[in-house]
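Engineer: Chains as they are written, first to last, in the working numbering: chain A, 107 to 602; chain B, 1367 to 1588; chain C, 160 to 406.
Watch out, some of these pointers could steer you wrong.
[Claimed, not checked] If we take Cβ atoms under 8 Å as the criterion, some of the chain C residues that face chain A in the derived model are:
#1 Thr168
#2 Phe171
#3 Gly172
#4 Val209
#5 Arg231
#6 Tyr247
#7 Leu261
#8 Glu264
#9 Arg292
[As the list claims (entries may be wrong)] Now the stretches of chain C that chain A is said to cover, found in silico as 3 or more residues with beta-carbon under 8 Å:
#10 232-245
#11 265-279
#12 370-381
[Claimed, not checked] Listing some non-contacts, in silico: residues in chain B with all C-beta distances to chain A over 10 Å:
#13 His1390
#14 Arg1404
#15 Gly1459
#16 Thr1465
#17 Leu1502
#18 Thr1529
#19 Leu1560
#20 Leu1564
#21 Gly1567
#22 Val1575
If you are wondering where the hints come from, they were derived from the structure by calculation, not from laboratory data. Glycine included, each C-beta is placed from N, C-alpha and C at the ideal position.
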Amino acid sequence: MTLTDALARPRPRDAGHASPMSLWRLLWLELRRNAMPWMFPLLAALFVFDAFRSAMGYGPFWDLRASALENKLLPDFVAFVAGVAAWMGSRDSRRRTRDLVDATARPRWTAQLTTWAATTLWVAAGFLCCVAVLYGVTASQATWGGPPWWPVAVCLAELALMSALGFAVGTFFPSRFTAPLAAVGAFLLSLEGFRNAVGRSSAYALLSPTTYVPDDDTGLFHHYLPDVSIAQLMFLIGLTMVALAILGLRRAADAGPQLRRAAAVIAVAGLAAAGTAIGLIGTARTQAYGTVIPALHDAANDRPIPYTPVCSQAAGVPVCVHPAYRNFLPDVTAALAPVLREIASLPGAPARVDQVVVNDLIPSNGAAITGVPPVFRLPMPATPDETSFGQNAVSFTSYLQATLVTVFVVGAHGFVTLGPVGGTPAQQAVVLALLQKARTATQTGSGPGNGSHTKADQVAAAARRFAALPATTRHAWLAAHLATLRAGDITLAQLP
Amino acid sequence: MTAAGLQKPEPRAEASRPRGLLHHPGLRLVRLHLASRRIPGALAALALCALVLRAGLSWHWSLGNGNGAQQVPVLIEAGAASIIAVTAQSPFGDPERATGRWLPYLRLGTAVGLTAAAFAAMAAGATADHLPGGTLDILRNTAGMTGIGLLLAAVTGGALAWTGPMAYMIVAQIGLIGDWTSPWVWPARPPHDLGAGLCAGLVFAAGIVVATVRGARAVREI
Amino acid sequence: MNVEIAGLTRRFGRNQAVAGVDLEAGPGVFGLLGPNGAGKTSLLRMMATVLPPSSGKMRLLGREPGSYGPRREIRRRLGYLPQNLGYYPSFTVVEFVEYFALLKEMPAARVPAAVAAAIERADLGDKARAKLRTLSGGMLRRVGIAQAIVNDPELLLLDEPTAGLDPEQRVAFRALLRNLGERATVVVSTHLVEDVGAACTEVALMNAGKIVFRGTPEQLTAKGEGHGVGDAPLERGYSAVLTEARS
């Protein structure tokens, strides 16, 4: 000790009072010395390996890519967020500073909230960096629309909740096993949320941010409906408030009447928010273009989003797609051209191809040939580059050709999945023949009404015969018999 | 020189040592070592894992069939491995290291014993329920991930070693969904896959060796 | 009087750690001596308001710590160094002292200067930016002292403050204590009688939860005249009082 400073020092009149600046200084200290940044290399590796790789295997559509945040990135994060938060919550017990901090004036709850806030801010920063990378790459690839922010907000709310739960658990149970158990618990919650959401076990499963992967064209033809996201935010933020308030109520004696009241109010408000969200979710109903919660629904979101389609020609037929699919237009025209040539001038042959929104509520997804002149309305639930869904150029082409031919020959009811399964045997044989002529790898698969391997062989044989006909003969036969064929009045034996 | 204790009490006759197997010095050393590593708490945590596994199997928490059904068991196995990894941390540091020859054997016994206990607990938890992959899967997955945790403990210290099995678990979950075939992602492989078993065994052996010889790194706090 | 204690007790299960202590102390350095398990640390923890008493009355700095508002005011004016000092290894010396300055609700504008002054007074100026995990035990103890004095406390409670300090540092620390004692109440719990003799104006000796001696170091020394146990006069006085108390 230096004696030079051992001079009589002026005694302060009072001990002074804390200012808001001191809270910021405290937060700054906590940010500098938080454990969360140590997890960043690991989280970055998981992001690249899991979420980013999966997202790049989706088509370049904003809402589709954003789903990787909730389904891939969020589960990767929650385990480490909860574990590290539990670690930080148990700090004073681990480091034996409990007496030291208890003997200070600042209420423990305030100091704990500062530690939690620092942890959560780091989590948010790391997560947003990943979002920035994902959205940045998507921005360079997408041809329409903009980044959706609701999924980001929901993910941040879930991360804040996991951080609060982990922190609370670490504070209450400061053991060396708390961090790993908190990590496992958080991941299990995430996994179960996903399972319930995918299984659609009940409306309440919608409260889970991890959910099924949306259609490619979500948010393109119709606005992304934020109803469920709003309810999720209410639920997650409400639970976060409850978790943090419990920390304050636990140290009630040390907190003073004002803080005690504040903790109680926060707890009640949090419960109310979460309860309201549960109630709202119970009223959710699935519509064609999203899930609607009546109390939260904005009718303006029901209006279709206006757009100017981009068009090209396939065998002389205009083919128009949504501008978000601009980059896939050559693939679409290349796939449809051989089929359009085969059916050109036949009754009901489309004079135009228009992309329509995928409608999950009807079996054909919305595929149909309607109107005068006939227009082929084509839904596209996948694109050729969606490796995450096992798609490639061949499967994409197969799907487009099969859709057109099936709808043309059998009608919308004949198309249930990616592959013709409906219609009479004669209809199936004609569909197969036309697809073979268009050089498509197709299935001879069975479907409703085709009960036996023998039947499939007969259909395949008839298809080969029909395909082997000269083009003009085949075309002439179709011109004469298409109506009867569509009505289901032609048998296999009657096919040439 | 302190003032305390200057007036020493009269020497007493040395108290006779309690006899019996339980008070054997060797067993007492083992018991104290286990207490220092919080093994009773670890066993309770492993029992909790077994209970969660039982609940997960009974209430069909897993997603679908096939590899999807393995997701929850793999998560629980990673949890068990994480618990074993954090027990590697010594509360004593240098004074313990500067002792005789028994410490490596104690570490070895603790790590192997806990792994066996984890396996037994989860096998018991899965009894009478269909466990995808069977008990061989539990043994392979738990042992392999324990090896990862013990290896990480030698680098980061025991307290943060749980991050290793958890990170590997996430990779394994991806592998399960993607039907990966690499033997280094052993949870995604069938239970009788020799390559996967060898890889898991190798990692476990490496972790055991490192834990035995070096133990967990002395606490390097964050 | 900054410290007014009457009939204070503290029980842990069946163990009566503090068995009715009466104490008054004003500005100055007050030494608390006693063997292990005498109740010194428990008494100090109660005075630090981190341990509630089982019974008895206590007023610190003219306030009763039983209710929140006065307790908070006491803690703003309190400095406490526990026997087992915990710390955050990744913090630097400056950060650690600043952290506690902020927890003591010092006005933000005063904190930087106060932290710097406390670190200098603890003779850690050249280690200000060092991480705590790199410091020796004695330096960590001085960090603990620095955080205890950063808010210029009116009541300073130090439990074994010189543990780990070398003789030169101990001499300087005693000078610091005397300086602090000019305007604050400093209570020092220690086993080292020479610390008490050199720095304290008054000393109490505890045994089995009770105060068995209260007076000046000279009076304690006088108790040891004719007593054979001890290498120094104060030690002989200490052992004499303890012997009398135990008999």
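Engineer: Take the hints in turn and mark each one as holding or not.
Structural biologist: We went through each hint and held it up to the structure:
1. Annotation: interface hint on Thr168/C violated; nearest CB of chain A at approximately 20 Å, more than 8 Å.
2. For Phe171/C, the shortest C-beta to C-beta distance to chain A is roughly 15 Å, which exceeds 8 Å, and the interface hint is violated.
3. Annotation: Gly172/C was flagged as interfacial toward chain A, and the flag is violated, the nearest CB pair being 19 Å apart, outside 8 Å.
4. For Val209/C, the interface hint holds, since its Cβ comes within 8 Å of a Cβ in chain A; the closest pair sits about 4 Å apart.
5. Contact between Arg231/C and chain A, as hinted, is supported at the beta carbon level, the nearest pair being about 5 Å apart and thus within 8 Å.
6. With a cut of 8 Å, the hint placing Tyr247/C at the interface with chain A holds, because the nearest CB-to-CB distance is about 6 Å.
7. A least Cβ separation of about 5 Å between Leu261/C and chain A falls short of the 8 Å threshold, and the interface hint therefore holds.
8. Given the 8 Å rule on beta carbons, the hint for Glu264/C holds: about 4 Å separates it from the nearest Cβ of chain A.
9. Violation of the interface hint for Arg292/C is found here, the shortest Cβ-Cβ separation to chain A being roughly 11 Å, above the 8 Å cut-off.
10. Chain A is given as covering the segment 232-245 of chain C, and this holds because 10 residues of the stretch bring a CB closer than 8 Å to a CB of that chain, at least three being needed.
11. With a threshold of 8 Å between beta carbons, the proposed coverage of the segment 265-279 of chain C by chain A holds, since 8 of its residues qualify and at least three are required.
12. Figure legend: the segment 370-381 of chain C, annotated as covered by chain A; annotation inconsistent (0 residues with Cβ-Cβ distances under 8 Å, at least 3 required).
13. Every C-beta of chain A lies more than 10 Å from that of His1390/B, the closest at about 29 Å, which supports listing it as non-interface.
14. The claim that Arg1404/B is not at the interface with chain A is violated, since a C-beta of that chain comes within 10 Å of its own (minimum 6 Å).
15. With 10 Å as the threshold on Cβ separation, the claim that Gly1459/B sits away from chain A holds: the shortest Cβ distance comes to roughly 14 Å.
16. Residue-level check passed: Thr1465/B sits 22 Å from the nearest beta carbon of chain A, beyond 10 Å.
17. Remark: the non-interface label on Leu1502/B is consistent with the geometry, its nearest Cβ contact in chain A lying 22 Å away (cut-off 10 Å).
18. Not every CB of chain A is more than 10 Å from the CB of Thr1529/B (nearest about 6 Å), against its label as outside the interface.
19. Every Cβ of chain A is farther than 10 Å from the Cβ of Leu1560/B; the closest lies at roughly 26 Å, confirming the non-interface assignment.
20. At roughly 24 Å, the least C-beta separation between Leu1564/B and chain A is larger than 10 Å, which holds for a residue marked as non-interface.
21. With 10 Å as the threshold on Cβ separation, the claim that Gly1567/B sits away from chain A holds: the shortest Cβ distance comes to roughly 23 Å.
22. Under the 10 Å C-beta cut-off, the non-interface status given to Val1575/B relative to chain A holds; the minimum distance is some 23 Å.
Consistency note: the structure conflicts with the earlier hints numbered 1, 2, 3, 9, 12, 14 and 18.
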